[in-house]
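A.B. asks: Same order as they appear, the protein sequences are chains A and B. For what it's worth, this note's numbering labels the leading residue of the first sequence as 1, then goes sequentially. For what it's worth, this note's numbering labels the leading residue of the second sequence as 699, then goes sequentially.
Calculated from the structure, these hints are not laboratory results. Please note that a few of the clues may not be correct.
[Said to hold, decoys possible] Here are the simulated SDA-like pairs of lysine to any residue, each with C-alpha atoms no more than 20 angstroms apart in a straight line:
hint, chain 1, residue 1, chain 2, residue 2
1, A, Lys290, A, Leu255
2, A, Lys323, A, Glu418
3, A, Lys455, B, Gln767
4, A, Lys131, A, Ser72
5, B, Lys786, B, Leu919
6, A, Lys455, B, Ser764
7, B, Lys786, A, Phe430
8, B, Lys786, A, Gly426
9, A, Lys622, A, Arg563
10, A, Lys455, B, Arg766
11, B, Lys786, A, Arg427
12, A, Lys121, B, Ser896
13, A, Lys455, B, Ser775
14, A, Lys156, A, Tyr126
15, A, Lys455, B, Ser761
16, A, Lys466, B, Arg766
17, A, Lys66, B, Glu900
18, A, Lys466, B, Ser761
19, A, Lys561, B, Glu743
20, B, Lys786, B, Arg803
21, A, Lys121, B, Glu900
22, A, Lys455, B, Asp758
23, A, Lys49, A, Pro299
24, A, Lys622, A, Arg636
25, B, Lys786, A, Tyr429
26, B, Lys786, A, Pro447
27, A, Lys290, A, Arg254
28, B, Lys786, A, Pro443
29, B, Lys786, A, Glu433
30, A, Lys121, B, Arg899
Values in this document were obtained by computation on a predicted structure and should not be read as measured data.
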Amino acid sequence: MGACRSLPLLVALLAVTLATLGPTLAETPAAPPAPASRHRVGPPPLPEKSARNANYTIEARLDEAKHTIEGSLVLEWTNTSREPQSHFPFHLYWNAFRNNLSASARGEGRRSARFGDPPEKRLFGYTDVRKVRLLRQTTEDLTPTLRFLDPDDGNKDERTLVEVQSESPVAPGETVRFAIEWTSLIPHGGGAGRAGWVHDYHFIVQWFPKIAARYEDRWNEHPFHPWTEFFSDFGVYDVRLQLPRGFVVGATGRLVETKANPDGTETLRFVQEDVHDFAWTASRRYLERKVLFDEPGFPPVEVRLLVQPEHAHLAGRYLEATKLTLRAYGHGSAPYPYPQLTVIDPAWSSASGGMEYPTLFTAGTNVWAPPELRAPESLTIHECGHQFWYGLVANNEFEEAWLDEGLNSYFEDKTVFEQLGPPGFGRRYFGPEGGRGGRSGWPIVAPRVLIGRGKQHLEDLRAFGKADVMTRRPWDYRSAESYTLNSYGKPALTFQTLEGLLGDDVMREVLRAYARRFRFAHPTTEDWIATVNEVTGQDYRWFFDETFFSSDLCDYAIEVKNREPRTLVGFSEGPGGLTYSPPGPAPERAPETWEPEVIVRRLGEVRLPTEVLVEFADGARKRERWDGRDRWIRFRYPAGPRVVRAVVDPDGRVALDVNPSNNAWRDESGLARRAATKWSARFLFWLQNLLELHSVLG
Amino acid sequence: MRPLLEGLRTLRRSLVLVPLLLAANLVLAVLLAVPLAVSIERDLENTDAAARMTRGFDYDWWSEWSSRQTGHGRHLSPDTLGLGFAAKNLDLLLKGHLPAGAFARLAGARPRADNGGKGPEVDPLVLGLGVVSMLVQLFLTGGVLGVFRGAQGRWTVRGLLFGSAFYWGRLVRVALLALLSAGLVFALWAPLSRLAESWARESVSEWSALLWSFARYALLLVALGLVHMASSFAKVILVLENRTSAVLAFVSGASFSLRYLGRAVLQYLAVVLVGGGLLTAWVAVDAAFEPTGYRTQLLFLLLAQAFLGARVALRLWLLASQVALYRTAAGPP
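Input sequences plus hints: build the corresponding full structure.
C.D. replies: If you want it as structure tokens, here you go:
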């Protein structure tokens, strides 16, 4: 009776349990789709111009002796949101170098603010806003409303984000003008990341009060974190720079006017439409080299290189790498639209190398630059490549650094590998440590050592890959190394893996569609995913769930067992009923047929479809497919020749695999021992030389 | 020139010393090389990487394998290939890691942030083996000097070992004095190095920065060379005159070096020049072929031992030349 009464309760309990767990049980990962078929959407048309909702007219005067800039600007700003706006945040990036209490100074990483030990006054800098006025029919002085913000960390000492407030809001669609006067102290390059002066070299970036971007219908207001970068709206920049005569000046845009002033200075005017930032540089030591990029299918671009005298012998390599980028990236995404591009070879110890700005970028090299190390080529390709993503597509680098750095790193790896060949391995000796300005020294290149495409990222992926989900807020990453991995290396490998899944042609169509549709448009990760899905005609969300939105690692491994076929021992049916067959004598020679078994294991958590190539002793080959959903899969083959080699991911499509060397099994024929003796002999040679060196001591 | 030629003649008469000293070096190095071979073979078994590592260098395999190494295996690295082994070892010397990391702090070595936190720059086992090698070579130096002291250079292994044991204590004391002197050199050099580093950072051009940096290391090398000169002549004096006091022998060695600095430096220059030629030849030969099968590996091994034998021979030539110089300058005892 008790059991009967309990039965309905049990049934109800079971029903509730199933209802709760059912969806969980059913949450096996969605089956990866079949290989992408080409789904032609046709390249979208390129927009002729950007929204131009933040136009700057700037006048600035450089005082070389005091290392200051006195500036004034008029910002013509359009409210593109759906709501009236009465508070307006501005970035004052150089306040990261104001003191040791800024977010940048508190953080780590090679670009964070550093002031020396003991601190040196010259390493500090600031942007001090003196006056802010809103110019409409009446002029409103907003200066008294200035207040500093830190919406991310609540750091009350943070000064890189400031807001002003107007009594009368700016209506949606209305255009207003802000007039701002400020003074900046330029920090010495030894302390600041990216900006500063060393000797007469000036690299002036993120130097003026810049209004925050409107993004997803809200202000995108973030302080200057130690390792995040920049984000702003597109507009027209009309900038007059007054500085002592004798400087060679490079800047965003084209030089439209030069005027000599009676006080011994000159004023240079640069103008550029449809960019989101303005950077400039000046030095008396620059040597100028120019080349015209003019190839069929691309608009002509005048490439202007400003190179340090000691690197003049590398000018040709800089220029060729830039042209190569304009060609490769233009072909793979959309052509570079501006008529000029300035390439900067930064001054020694300036810490301004390896950075991108609209129509201008800095690379960096060393006096001894063996071609095998692909420097300055790879850095030039990377920074020039940013023109196409950071410069033209301009996603939010504060919040989604991987979409720019990662996409660009993927493209850089691909371009270097395909156009120049795999880079070599080298090390520099006896040079200065360089502080923030980079290393130098006598380079030694290891003979016959080549690094495959993207492989340089795997070491960091193994070390730091599990620390953070790639798509978390970049300033929240656990460390500078995690930021670097999740912004550069891991997304580069992810995009390379996506290329492996889609194929080169389809991936190119995706990139072109993305680059064209979102030119000037500040796309997001979701926009990228949507583009992939649209071009392929399939839902690749599962791929991004495994990679972008996960901190799991990918690792496939393979093993093979060539089993000897069994001979009968025991009872079996015979003419007179069951008969017993005893064990026979041990075979005198190896069997002629085998029962091979190939086992592929998924050691990591990332599930990606892959292929397995199996090679048999008689020369036959077989390709198997596996969706990677289970932890392992076994392929059994009927009695026949041995398996002599088996490879998971034989074409190297899964670039994210953290350990490619366990992807292949080979029937051992003494190779391991031969390799071991060879390389231990190398080690022996090095060690013997080291021991002999000890004999000069003591 | 005469002491150099005399030294060459002495060395030629006692050429068997070269393989003897080389054998001591080889035996010690093999102690670490063999376990490494076993470890590599185990890791490469049944892999494609084995084929690639036989034919060349598989960066993927090495990168993953290397990241797991915490012992001496992490010194198997592409930066020891070609000329790299020489640059790397010289770098370790000039950064104070030899012997046993004794001068690393004095030299201002910073903790290596780029080795993934795997520990010191040089594996302690390698450093320990370095110390053992130094002591073994020091032991044999006594016997070698005893052979060089002999008029006709005839010697027996027993005589060599007897001489080694006889002078061992005194030579160790000379070596300690030399190490103390080297420590003093590093201590005096460190602030100069920091100054040069700051000048390098403040340099307008990379060339100037490089010059400052190279100059500081050149200064250190010359200073360590002078310490070696004093120490080496101290050993010569100690054996030739059968001195009992290591301190006085060291002082005499330093004094002799200063008095005959020109000729003594000439000897070092000759050795450095020949050594440079040797290194150039090695790099050319190493670049010319890639050992794959056991035959080519054996050839590589023989060439490598020939190179090292030549290095030992250079060391002995220098020592023999110093004996000849001392004899010429100081006259008969």
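A.B. asks: Measure nothing beyond the straight line between the CA atoms of Lys786 (chain B) and Phe430 (chain A); if it is 20 angstroms or shorter, mark the hint as holding.
C.D. replies: 10 angstroms, holds
A.B. asks: Given the hint that Lys786 (chain B) pairs with Tyr429 (chain A), test it: the Cα-Cα distance must not exceed 20 angstroms.
C.D. replies: Measuring from Cα to Cα gives roughly 8 angstroms; hence the hint holds.
A.B. asks: Quickly compare the C-alpha distance for Lys466 (chain A) and Ser761 (chain B) to 20 angstroms and report which way the hint goes.
C.D. replies: Satisfied, since the Cα-Cα distance of roughly 18 angstroms is no more than 20 angstroms.
A.B. asks: When you check the alpha-carbon spacing of Lys622 (chain A) and Arg563 (chain A), does it fall within 20 angstroms?
C.D. replies: 18 angstroms, holds
A.B. asks: For the pair supplied as a hint, Lys561 (chain A) and Glu743 (chain B), confirm whether the alpha-carbon distance does not exceed 20 angstroms.
C.D. replies: Holds, at roughly 14 angstroms.
A.B. asks: Is Lys466 (chain A) within 20 angstroms of Arg766 (chain B), Cα to Cα?
C.D. replies: Cα-Cα ~17 angstroms, so holds.
A.B. asks: Within 20 angstroms, alpha carbon to alpha carbon, are Lys455 (chain A) and Arg766 (chain B)?
C.D. replies: OK: Lys455 (chain A) and Arg766 (chain B) at ~17 angstroms, within 20 angstroms.
A.B. asks: Between the alpha carbons of Lys323 (chain A) and Glu418 (chain A), is the straight-line distance 20 angstroms or under?
C.D. replies: 15 angstroms, holds
A.B. asks: Are Lys786 (chain B) and Arg803 (chain B) close enough, with their CA atoms no more than 20 angstroms apart?
C.D. replies: At roughly 18 angstroms apart (the allowed maximum being 20 angstroms), Arg803 (chain B) and Lys786 (chain B) satisfy the hint.
A.B. asks: Given the hint that Lys786 (chain B) pairs with Pro447 (chain A), does the C-alpha gap stay at or below 20 angstroms?
C.D. replies: Measuring from Cα to Cα gives roughly 15 angstroms; hence the hint holds.
A.B. asks: Straight-line Cα separation of Lys290 (chain A) and Arg254 (chain A) no greater than 20 angstroms?
C.D. replies: Holds, at about 14 angstroms.
A.B. asks: Between Lys49 (chain A) and Pro299 (chain A), does the CA-CA distance stay at or below 20 angstroms?
C.D. replies: Roughly 16 angstroms between the alpha carbons, so the hint for Lys49 (chain A) and Pro299 (chain A) holds.
When held up to the earlier numbered hints, the structure conflicts with none and fits them all.
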